[in-house]
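Chemist: Here is how the chains run, residue by residue.
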Amino acid sequence: MQLVKLSITTALLLSTLQADNYINVQVLQYNEHNGRASISTPSVELNYDLGADYTFNGKYTLDSISGASPIFYDSTSGASAYSRGETTQDSARYGGVEYDETKRMQGTVRGTKRFENRDEVTLGASFSNEYDYRSTELSAEVLHWVDEGKNQAFSMGVAFQRNVILVDCKENSICDATSGASKKLRADAFFAEAGFSQNLNSSSVLKTSLFFNNEDGYLTNPFMNVLRYYNTTPTITNETRPHNRRGYGGVLEYTKAIGESTAWHSSYRYYHDDWEIDSHTLNNDLYYELNSDTTLGAGLRYYSQSAAHFFSKEFDHFTDEVYASSDERLGDFNAINLSMSIDYKITKQLMYNLSGNYYKQNEGTIARYFTTGVKYKF
Amino acid sequence: MKRVIMIVSLSSFFLSGCVQNVKAWEKAKLSKETMQKGGGNALLKAYQEHVYFSKEATKGGSGIGGGGCGCN
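Sequence order for the protein chains is A and B.
Per my numbering, residue 1 is the first one in the first sequence, and the count goes up by one each step.
Per my numbering, residue 1001 is the first one in the second sequence, and the count goes up by one each step.
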């Protein structure tokens, strides 16, 4: 019996130490109803183990985004994000305004060092660039095994992000509206997360984590408008959000192997911030190994959030409030996401995957998105 | 924040009674790809997280790193 245990342990250790080298190429195609937004996102990811103690991971993504956003605009001067200024009650509209197609590139590199006791330190850097938004991020994470049997792990991570936003001054109250110039503004963010993972038994794992976000600077969306003084002198201006946002929350995740071929992932997240947004997220994913080559997946996510204290998209709501936004993503809504996926091993090293998602908010947004790609292990 | 810490502490306390000392040779199921994030393909989960981040007002709890974007 001891011999059997020893050989199984050796096999498991060997599989753990075996290099996890792969190239993963995936494409996301995202479409909102009525052609409101369309996004194509190809990604390539490389994971490479340098011996048993070091891992390099790099990811490169390209986004191509086109479509429209629902905002206030003046119908007489055209459906433009910059149709700002005094208007009339008859001319004021809330609806989809087309924006120029934008492209974004994003890259992330991460390096992990493992120590003799298999504790890990991971350092990461990310860069994202589009014509009016640049983001740079540095991150550090540690994982510490609490017990010798490696059934309990404590993890902690921090990230600092610097974002530079190019704001078009055209009809924008934050800079010279007449010069036609643009201005670069900054928004910094700090993220922290701490978690504790526990193997409950040979088939289930529980993880709890706490997180904290702090954002400072220009958090306003330069393309979003609000309508003020509707009852007296209706005026369309750019939105204004507070310059600071602090959010925190907790996540409880439970992962369970059911029988020999099914895995169930379940999680709950609570979030709260000082913009008075509360949110609850429930997520469930099931993966079923149909045979040695094919794995089927299904997921259901429920999300709800309350509105920010400065949000309204009513026509006669805002007058001279300092903070005002009609961006419906800051509103009170709930959403569901349904997903289905299939993974198929073409050979021992090459895997093909396809997944489809249906996303619906009760306020009207409906999106369908698909991912497909291949993962090659070497 | 106190409420979040209390929920996490209480659930940890009650669950500590259900914990077994799992030996290395009993971890075959735990090490399966389907038990890992995204069923073994974390990039697909990252795509979903990106969609949620773009269409909703909250973030956090899905890991550190990954970078920002002007999509929200």
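Just so you know, these hints were derived from the structure itself, not from any lab.
Hints are not guaranteed to be accurate.
To be verified - In silico DSS-like cross-links for lysine-lysine, where the CA-CA straight-line distance does not exceed 25 Å: (1) A:K256 - B:K1045; (2) B:K1032 - A:K377; (3) A:K345 - B:K1023; (4) B:K1032 - A:K150; (5) B:K1037 - A:K360; (6) A:K377 - B:K1023.
Said to hold, decoys possible - Far from chain B, by Cβ distances over 12 Å, these chain A residues were calculated: (7) Y22; (8) S77; (9) K113; (10) E148; (11) T232; (12) S312.
Since we're looking at a predicted model, the values are computed, not measured.
The beta-carbon is built from N, C-alpha and C at its ideal position, and this holds for glycine as well.
Chemist: Which constraints among the numbered hints does this structure fail? Numbers only, ascending.
Modeler: 3, 6, 7 and 10
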